[in-house]
Structure formats: structure tokens, C-alpha cells
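K.L.:
Protein sequences, first through last, are from chains R and W.
Here our numbering runs 22 ahead of the position in the first sequence, where the first position is 1.
Here our numbering runs 41 ahead of the position in the second sequence, where the first position is 1.
The hints are simulated quantities; they were obtained by calculation from the structure and are not laboratory data.
The structure presented is a predicted model; accordingly, all values stated were derived computationally and were not measured.
Please note: incorrect hints may appear among the correct ones.
Stated by the list, open to error - Far from chain R, by Cβ distances over 10 Å, these chain W residues were calculated:
no. : residue
1   : E356
2   : V359
3   : V391
Unchecked claim - Which residues of chain W face chain R? A few of them, derived with a C-beta cut under 8 Å, are:
no. : residue
4   : G220
5   : R222
6   : K224
7   : R239
8   : G242
9   : A362
10  : I363
11  : A365
12  : S367
13  : D369
14  : V443
All C-beta atoms in this analysis are idealised placements derived from N, C-alpha and C, irrespective of residue type, glycine included.
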Amino acid sequence: MSSIIETVDLVKEYSQGEKSLRVLKGINMKVEEGDFMAIMGPSGSGKSTLLNMIGALDKPTSGTVLIRGVDISTLSDNQLADLRSKEIGFIFQFFNLISRMKALGNVELPMVIAGVPRRERRERASKLLEMVGLGERMHHRPMELSGGEQQRVAIARALVNDPAVLLCDEVTGNLDSKTGQDIMQLMRNLNNEQGKTFVLITHDPVVAQSTDRLVTLHDGEIIGEKRVW
Amino acid sequence: MAFESLSERKFRFALNLLGIMIGCAAVTGLISLTQGMNNEITSQMGILGTSTITVIPGTRLSSMLASSQEGGFMGSSGGSSFNPATTSELDWRDIDILEKMHGIDLVVPGVSGGQGTYIRKGVTFSVSVDGITDRYFEINEADEILEGRELLRSDKAVVIIGYSLAYPFDGEEQYLDVGDRIKLTTKVNKKEKTLSLRVVGILEESGSSIGPGGGDESFMIPLRTYEQFFETGGEYTSIQVKAVDPDFIDQLSDEIEDALEGVSVITSELAMSMVDSILGTVEAVLSGIAGISLLVAGVGIINTMTVSVMERTREIGVLKAIGARSSDVLFMFLSEAVMTGIAGGAMGAVFGFMLSTFVGNYVGVTAEVSLSLGTITLLFAVITCVISGLYPAWRASNLNPVEALRSE
């Protein structure tokens, strides 16, 4: 298996006035094709920062992040944007859907940015919405959808450009446990049936236990890594 | 994408649109009105004729401008009191010189600036009075008689009246007809005088009181009668000269200026350029004022868009996370501004034309409604909006995606 994402001695510091705050203290980690893994840790452990790094949203202070073998610190802002467009799918805790757009429009949005022709957009978006179980509700706006439904839209949106990896930031954190389980099941199915790679960050042990691989982060360092299965 | 975000913020968009629209309407309306005015005056200047030179007292352009403002330019109906001593400097000697010059076909003196009142059907009318000769209509071909006749050499106590005096108050009723007699009253040298006149002719409607002689609200009486009544003693406020060959009119103008000391000559060309320069200034001032309202609208757009960027910070973060480049975000916000500009500019131009046509009808000027002015307005609106939107859009595009995603 080849690594989709690899970090080598990844360090991230934020400057706060005179002092600098070291959030990540040399992370070495790999995400392999077909992984269904979790990064767990308490708040402030640096897991969100790590997710931003491997999602090419932010550049490291030192060390390297390789996405499909490309060192992201060598890329321009535009190249980073293109990389996010093609290789990364983000799913957020608060869904982050565009409220004035219908479900279909939200799923089409990454394709608009990527320059996919309109007909293909419509086709792919509808197909994905059907796949996540929202075939009947694709013409509703986010406000008219339940939390679980919104998260399904967000998953469809993340999948639409067929990215190498889906990065999920506390995706069940804003859902009740039953809905959370459904969402986890949906992602699990995508992993099993379509081989999609998932990286979840969470502080919920239940979520963490339902993945294949678990990386535990504490205070900017990896303190444990184990195969759940 | 930009369109959908616009419909969400309908109210704010409408306000921005209104701002731009008012600015554009003001600019378009004022310019089309002044252009209409320019057309009007230019067409009236055209009746001076290309072969006609008007000689007036006073030297050079500066005095010409001054005298036209005082209402000394023949036929204009300004000036509240008649003051012959300072306005008339031309006399029979000048006529003599002009008549002996080569290349001159016709010399027609005239006096203007007289003021008087008369009562007709219980209404007191105030008129400006010009003194003309029987040759007047030979040189002012555009002044045509609607009813009655032109002046004859033998005429004494007669008058040719402007159209609006025969048919005042929008022509609902004829107040004066050929053959009617009226008593013209005026004050000359603090002495009240009365002159009995018989109407022999009514001029066709000319549209305004600008132009040589006539005008819709003036009296034209024989020169001799004018001199006796207003006690002007052989002085003229203008002498009109008809050149034999219109091609040599500039040369002839120079010769006249040299031959007669202390005079200015006006050709139709010169008069038009004068009008152009005056109206050009008026237009510049008016569009400057209107431009300020466009500027204010621009500031409004900066404000609204800045607020909009702040509100949508998280959305911008999402867009960047799903692969939008900074330039995509910039373009998205700018296209909102462009849409405001196009919509506001187009509506403003249309509204402005409607306004100028309406006001023009009211004041008697045909507003110039041109595609080019509309296009310029539209372009100007778009440019204003783009400039206003540039900074907020640039700020949006430069947001750090991580921080943008974290914002509430």
C-alpha cells in the first residue's frame, strides 16, 4: 500500500506576540490508501491543526507534509487550492453548508470551482445524493434538513471530486448518538465498498473504537498508535 | 453563484442598487438635459445664418460675454431697467463705414433692451422691446410672420408681436390679433411715457427668447419709433451685416473689427462656440454634483460589501477548503459588485432619461436621449462599483482559510 499522506517531523508553531506556541511537536504519521483511521485526543492536543496540515489548508513551520508524495510547502497558494479541490474532501462538525443553496447546489459547488461542465455536475451530484440516501431531498435547503441529513449532504459534497482522502473533523460531534451511528455506518460503507480513505479526528472514544486504526495525540505529540482491528 | 448570494441579501442589494441608480439617474438626467439645451440653442444660433455678422459695441470676447449676461445682446429679454446710455455706442457713422466696405450686401441696425408694460383683457403684460428696420426680415430669414405682415418703410406706430403675446397661457385664447391697438407704457429717465401701437404682424413661435430680434415675448417696433419713445438718440445696440460670400466671413469680421473701433463681431460660428463653452461649464458643474452622489453610492457599496465579507467569513473558509483559489473568491465578490453596477447603471440611465424628458417637457427643452450617454453611464456605474468592491473583495480573497473556518 502506498501512503496518501505522510508527515515527517511535522512542527507547527503559532506566534502569540513575543512568545510562540508550539502546537505540533514533530509528528510522524502515515495515511495509507483505504485507511479508516481516527486521530484522537483531548481538545488542545493539536488534532485540528494536524488535520489542517494534512488537508493542505495550512503550511508547517518545519518538517514536511507529503500528499501523494508532493511536499506541500513547495506549493503556491493556487496549487494548494487545486490540491484541495482534487485530492481532499473535508467534512466538518458544523456541516458548513452554504445556507442559501439547495442540497444539490451545495454538492455541485466543488465541481463549479473545479470547472466541471454543468450537465456532468448535475448528474454526479444527484447520483451522490441518492447514494447518501437523500434522493428525495436534494431540492431542499440546509435549513429544511435535519442535522444527519445535512451531514450526508456534506459527505456527498466531500466525495464529489473523487478525492484521495476524506478528512473528517468531529463529524458526529453535533449529532445525536443514533444519527451519529448512521453517519459512521455510511462512512464505513463507503470505505468498505468503494475503498474510500477516511481520517477522522474525534475526542469521542466510541467513534474512535469503530475505526481500524487509532492514533492518540496529546499535547502536540503522538503518544500511541494501535490497530483497533 | 454570485447571483444566488445576491438574492439572499435582497434588501441590502436593493439599497446599493438604489444608491447607484440615483447617482446614475442624476448624471444621465442632467447631462441629457444640458445636451438637449445645447441642441436647442445651437439650432437657434443657426438662424443667425452663416453669412451674417452681428456687430455689437464693446471690445473682444470678455465684453461680449459681459454684455450677453446683461441682456445687451440683441433681442434678449433680461435686464430689469432700461439704461440706454451704457449699452448703445454704435451710431450712423458706423453704418456709413459698413455700407462703404466691400463684400457687404446688407447693413441692418437694431436697438434692443427696451422694456414696457401693457394691459390686455385685464392682464398686465411685461415685454421687451426691440427697434428694427424694414430690412430686418431680409437678414433674419428664420423669423417668419405667422399672421399679418412685415414692417414697411413708412410704418410708425405699429408693432410686430411675439407668438406668446398673441397666444399667452399655452395658447388657450388669443389675446392680441392683427389690427388690435395697445398702449405701451414705460419709464424713460424717470418719466412715465405711453405709446399707442397697432399690431400689424404676429411672429411664428420660435421656442425661446434667444436669438436676434423677436423672441416669443417681445415687441418689434420701427427703429425711429423706438428712438423717439426710448430717447436713445441714434444709437444702436447691434448692427447686423450680411456678407456677399459666406466663405470670407472670417476675413470680413476682422476687417469690420479694424474699421470700427471698440466693437466686437459675432458670427454664428463664434456664437456657437460661446454657447458651447458656457454650456460645457454648466454641464461639467452639474455632472460633478451628480458625480458626488455616485461617489456616495460607492462608499455605501464599500460598506455593505465589507459587512458582507465579515458575515461570510466562514463561508469563504469553506469555499477555500473545498478548493477555491483566492482569485475565485475575489471574482465572486467582484461579480456581485459588477452586477450591482450593471443593474443600477441601466436602471439609473433609463430613469435619468425619463426624468430629463419629463423635466424637459416642462421647461420646453427636448432632452437628448442617446445610446452613447446611456452606455457611458452604465460603464461609469460598473467602474464605480468595481472600484468600491475591490478592497472588500481583496480582503475576502486573502482570508486565511483556517482562521476563516474557525470564525462564527
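K.L.:
Please check whether W:G220 passes as an interface residue: C-beta within 8 Å of a C-beta belonging to chain R.
P.N.:
79 Å, violated
K.L.:
For W:E356, which was marked as not at the interface, is the minimum beta-carbon distance to chain R over 10 Å?
P.N.:
6 Å, violated
K.L.:
Answer holds if the nearest beta-carbon of chain R is closer than 8 Å to that of W:S367; otherwise answer violated.
P.N.:
6 Å, holds
K.L.:
May I ask you to test the interface hint for W:V443 with respect to chain R, counting a Cβ-Cβ separation under 8 Å as satisfied?
P.N.:
Result: holds, 5 Å to nearest chain R Cβ.
K.L.:
W:V391 clear of chain R by more than 10 Å, beta carbon to beta carbon?
P.N.:
29 Å, holds
K.L.:
Should the hint that W:A362 touches chain R count as held when the rule is a Cβ pair under 8 Å?
P.N.:
5 Å, holds
K.L.:
Under 8 Å is the threshold here; is the Cβ of W:A365 close enough to any Cβ of chain R for the hint to stand?
P.N.:
5 Å, holds
K.L.:
Holds or violated: W:K224 as interface residue toward chain R, Cβ cutoff 8 Å?
P.N.:
79 Å, violated
K.L.:
Let's test the interface hint: is any C-beta of chain R closer than 8 Å to that of W:R239?
P.N.:
80 Å, violated
K.L.:
Less than 8 Å between beta-carbons is the criterion; does W:I363 satisfy it with respect to chain R?
P.N.:
4 Å, holds
K.L.:
Would the hint on W:R222 stand, with a C-beta cut-off of 8 Å toward chain R?
P.N.:
80 Å, violated
K.L.:
In terms of Cβ atoms, is chain R entirely out of 10 Å range of W:V359?
P.N.:
Nearest chain R Cβ is 5 Å from W:V359, so the label is violated.
Violated hints for the displayed structure, listed by number in ascending order: 1, 2, 4, 5, 6, 7 and 8.
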